[in-house]
Amino acid sequence: MKTFKGRVIVPGNIKAEALVTKSGFNTLASFQKSLMFGDKEAKCSDQNNPELFGKPMQGKVLCLPQTIGSTTGGMVLYAATKMERQAACFLFSQKIDSLAAAGTILSAVWTNTPVPTIDCLGLEFLDYVKSGMLVTVEEDGTVTVDQ
Amino acid sequence: MILNQEQQELLDGKKGAAMAKVVKTLKMYGDCFDAEKMVPVTGDHGHLVTSFGLSVLKPVYEIMDELIAEGVLAKQSFSVDPRPTEKNVPANFLQNVFFKVMYSKQNMYEQQLSKLGLMDESAFTCTCYETEVGNQPRFGDVLSWAESSAVVYANSVLGARCNRNSGIIELFGSIAGFVPYFGLLTDEGRKADWIIEVDTTSKPEAQVLGSAIGMKVLEDVPYIKGLDKWLGTELNDAVCDYLKDMGAATASNGAVGLYHVENLTPEAKAQREELVKEGAAVYRIDDAKLARIQANYPVIWKDPAAEPKMCFIGCPHLSSLQLKEWTNSICDMLKQHGQKKVAIPTVFTASPKVAEKFRKTSEYQSLANAGIVLSSICPLMYMNNPLCGKMPVITNSNKLRTYTTARYYRDEEILEKLTKGGV
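Those sequence lines, one after another, are chains A and B.
Here the first sequence is numbered in this note's numbering, starting from 1 and rising by one per residue.
Here the second sequence is numbered in this note's numbering, starting from 1001 and rising by one per residue.
The following block holds chain B by itself, in its conformation from the complex (with noise of 0.2 Å):
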């Protein structure tokens, strides 16, 4: 890779020992991928995968200790993931002694990001992109973000630049103002590798057709064909909620970074089948392939019949629309069965920002009288406490199914299940 003047003296050490290891791992980072040369971050904000204080992760702590004392901080300022805990999220007495040891370092943590360039308190979220946070690249902005949800809906939905970057190389990229041009930043990056064939009956669940392409692709570019007939060509605020639920399946279930949408997202609609590799392979996928697919994900509660404890909605975090949609089935639902309140102790998470804007709505008055919490919580990292892994917790993130002992149902299995109850 050739660095220009400043790049190599920063690597000299001309602002610091720690600028310079930035700039080192940044360089070693694009070698590996034969990057020629570095490119600007455009982007207004980063966005952070780390969020979570917890108490084993002192390694990295040390780095942003150095970073600060050194006062090599972010060149923009960013968003981060959600924070793992909150009060009103249902946890017991042991449950919660556990959440005090496991992410005792929370606050610390916090302090160091908000030194480091941490847009604002309420900058916790998977969903930065959501116009309410305020993190929203625009349509070619090359940006240096990690967490695979936010970078796969900034790629494909927005059309801006991103590779998957770890935790701690985002950062990097936004203290140097600089990154390695290669993979999903490049014009050849982001061809497709893979034809999909959407041939189903009915419009697919977001999070199963998600997981399918992901386990097929795995970190491959794929193009989408058949799904505008389910969501039409104009992406409004429903249909970017289907991608943002999809496109994180695709990444948690697979390492997609990018997938193009036919007809429906922004170089797909520009570029069409231009976008496609020469050779590009196909497959398939129908209502069969998705039945299928849901139906051997395994199911690791130690009883497997057990009624369900806990329902977390969002991972990634619901929109605005999703929560106002949610709300009303749910409400629906319970009158239709002659009920009041939900079945199953239910939290739904949204950002804060989201969950500020909701709160100031009629609907969430009937959320609240339903039974159902509102949070902001990653609940990622609450199932990470071994107490609360241990019981029956439903979901439809197929994200949280992923990385947990969650188990997945279809929003209308849930909608039945929160409303009737059982399993």
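Bound-form chain A, shown alone (with noise of 0.2 Å):
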């Protein structure tokens, strides 16, 4: 078990199973299926991500370095929560992105499932977490790993 403390950008309680990417998140490509189809556990469509391909991420702790791709990225953030295809939680371990920031303080004001969102927890923390393993996340921003 393993403790790091960032940035809480939304604060929130969450105890879910952690989901990886070590490269940067592209969101439209990873959410244009499942929004666009249907698929209510938000399987990941980016072909470019080999991490994430495939997985479910509805419900996940999302534990990524930044977004990136197009500037839809926000609205398509806010979209899949509005839609209840939604990662449980968000965490960066990088500075949030402009893109990503949009998309969580879009779904904290304009919708009533605020996700979680803490963000320059460290490359340790990426280094350490690995898909399957158990996140809980506290609203100061704390976040305990267990193996």
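These are computed hints drawn from the structure, not numbers from a lab.
Certain hints may be false.
Stated by the list, open to error - Keeping only pairs whose Cα atoms sit at most 20 Å apart, straight-line, the calculated EDC-like set for lysine to aspartate or glutamate is:
(1) A:Lys-95 / B:Asp-1065
(2) B:Lys-1360 / A:Glu-41
(3) A:Lys-95 / B:Glu-1121
(4) A:Lys-22 / B:Asp-1220
(5) A:Lys-95 / B:Glu-1416
(6) A:Lys-95 / B:Asp-1220
(7) A:Lys-43 / A:Asp-146
(8) B:Lys-1353 / B:Glu-1121
(9) A:Lys-5 / B:Asp-1034
(10) A:Lys-95 / B:Glu-1188
(11) B:Lys-1353 / B:Glu-1188
(12) A:Lys-5 / B:Asp-1031
(13) B:Lys-1277 / A:Asp-39
(14) B:Lys-1058 / A:Glu-138
(15) A:Lys-95 / B:Glu-1036
(16) B:Lys-1341 / B:Asp-1220
With the hints in hand, could you dock these two chains into one complex?
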């Protein structure tokens, strides 16, 4: 078990399974198919991301460095939240990027289901956490990863 | 962040709940990046990235409805990315059925855009900064735009100031009339983290050079040296076209919002190496590196040896000069090969106003005679139709390659294929 501390973007308490990508998370490419074809598990449709491709994202603690890709990204994250396809939580190892920030903030302000979001967790966090590990997130930005 | 009295009153609900949520969103967005204040949007027009009435984007339409119902409209008119479909672009019966289902909210969404502040019916393009379109910012203008290729062009080539905003956020800035002051809006945020040394034996292909830079620097700011050797030191139309295509690749293959080209782009000319941060990393790009990068692009066609069924040129949209040059090049090559029409169904895309102007030229007849369709759609949205995505499509756009199954070829390779045929 290891504990990390980050900066709170959207506060919340969550305990769920981790889904990890060490490369940039392409929001549009990842959510495109699930939003278009009603896949409630929100399986990742980004063919360029072998760590996530085909894996369900809904309800997972998504651990990532930053998001990349189209400037529709924030809108897509918001739409995914409103359509209940969203990850349980976003944990960024780096400082959050402008597109992801927009998405998590739009979800917090314009929906009733804000998605807890923490950034600046550090490279060590992303090195340590593996898909399938149990992650506990607290309101003050404390993240505990159980092996 | 410290809000002024007017901004605080908006946040407190003086102009209604929807406006309060708009300002709350912008404030939280700025807080993420330690913005200390809001600054006025000084550009004449906004630019929105969301142009498509995808049937599943109900949550977005709900926000629009809420804003319209409370009279919370944009203070400045805006252009928007290209429409997803047009009748003249080749598609079979099933593909057309799918388009109708996918984009079933297009008319409704365009009505929403009109109510919110759309410039006009023809303001659908990713190259809103072309002079024909009428949304070209001035040097130093603060913008509230999205669309990565437009943002990087406005920042780098025109010297305007805009962050890489997301869809919806950009509309909120146009509504509020102010945006949080951080990142590429600040002098410090516009300084380069990287020096890129271009050391090639000929002018590098814009789309591959941009890809190489984007993949290396991601969202950082690069200061590009050695490119003036190939482009010169004046921003003429041809150079602006090159920078448009290179910038789109930096933004889609990475997340670049601003680049400087030594002796060429306005801030690099004025400030020279003062724009480079102390300790900036150096990345050298030569012919071998560019060849390696292109060779490593994944080919995700079901049959990599398939004959191409369509070709898209113009992502981002072509300029007037590019339309003319591509038409002349294709016609010359067809003549050389003893052909009259292109071997692969081909679509050129340009903004409605650029296309309208081109249709009045003699070159347009040559284009039509060669069997090429001139359209103003977004090729990316065409390829998002799963039935189109399954087709072997080729393109000279690195952005289209990145987001779809389209296969990238350099300009001269595309010319060969169109005029001779075969992969």
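Hint-by-hint comparison with the structure:
{"no.": "1", "hint": "A:Lys-95 / B:Asp-1065", "result": "33 Å, violated"}
{"no.": "2", "hint": "B:Lys-1360 / A:Glu-41", "result": "51 Å, violated"}
{"no.": "3", "hint": "A:Lys-95 / B:Glu-1121", "result": "39 Å, violated"}
{"no.": "4", "hint": "A:Lys-22 / B:Asp-1220", "result": "18 Å, holds"}
{"no.": "5", "hint": "A:Lys-95 / B:Glu-1416", "result": "45 Å, violated"}
{"no.": "6", "hint": "A:Lys-95 / B:Asp-1220", "result": "13 Å, holds"}
{"no.": "7", "hint": "A:Lys-43 / A:Asp-146", "result": "24 Å, violated"}
{"no.": "8", "hint": "B:Lys-1353 / B:Glu-1121", "result": "10 Å, holds"}
{"no.": "9", "hint": "A:Lys-5 / B:Asp-1034", "result": "19 Å, holds"}
{"no.": "10", "hint": "A:Lys-95 / B:Glu-1188", "result": "17 Å, holds"}
{"no.": "11", "hint": "B:Lys-1353 / B:Glu-1188", "result": "37 Å, violated"}
{"no.": "12", "hint": "A:Lys-5 / B:Asp-1031", "result": "19 Å, holds"}
{"no.": "13", "hint": "B:Lys-1277 / A:Asp-39", "result": "46 Å, violated"}
{"no.": "14", "hint": "B:Lys-1058 / A:Glu-138", "result": "31 Å, violated"}
{"no.": "15", "hint": "A:Lys-95 / B:Glu-1036", "result": "17 Å, holds"}
{"no.": "16", "hint": "B:Lys-1341 / B:Asp-1220", "result": "44 Å, violated"}
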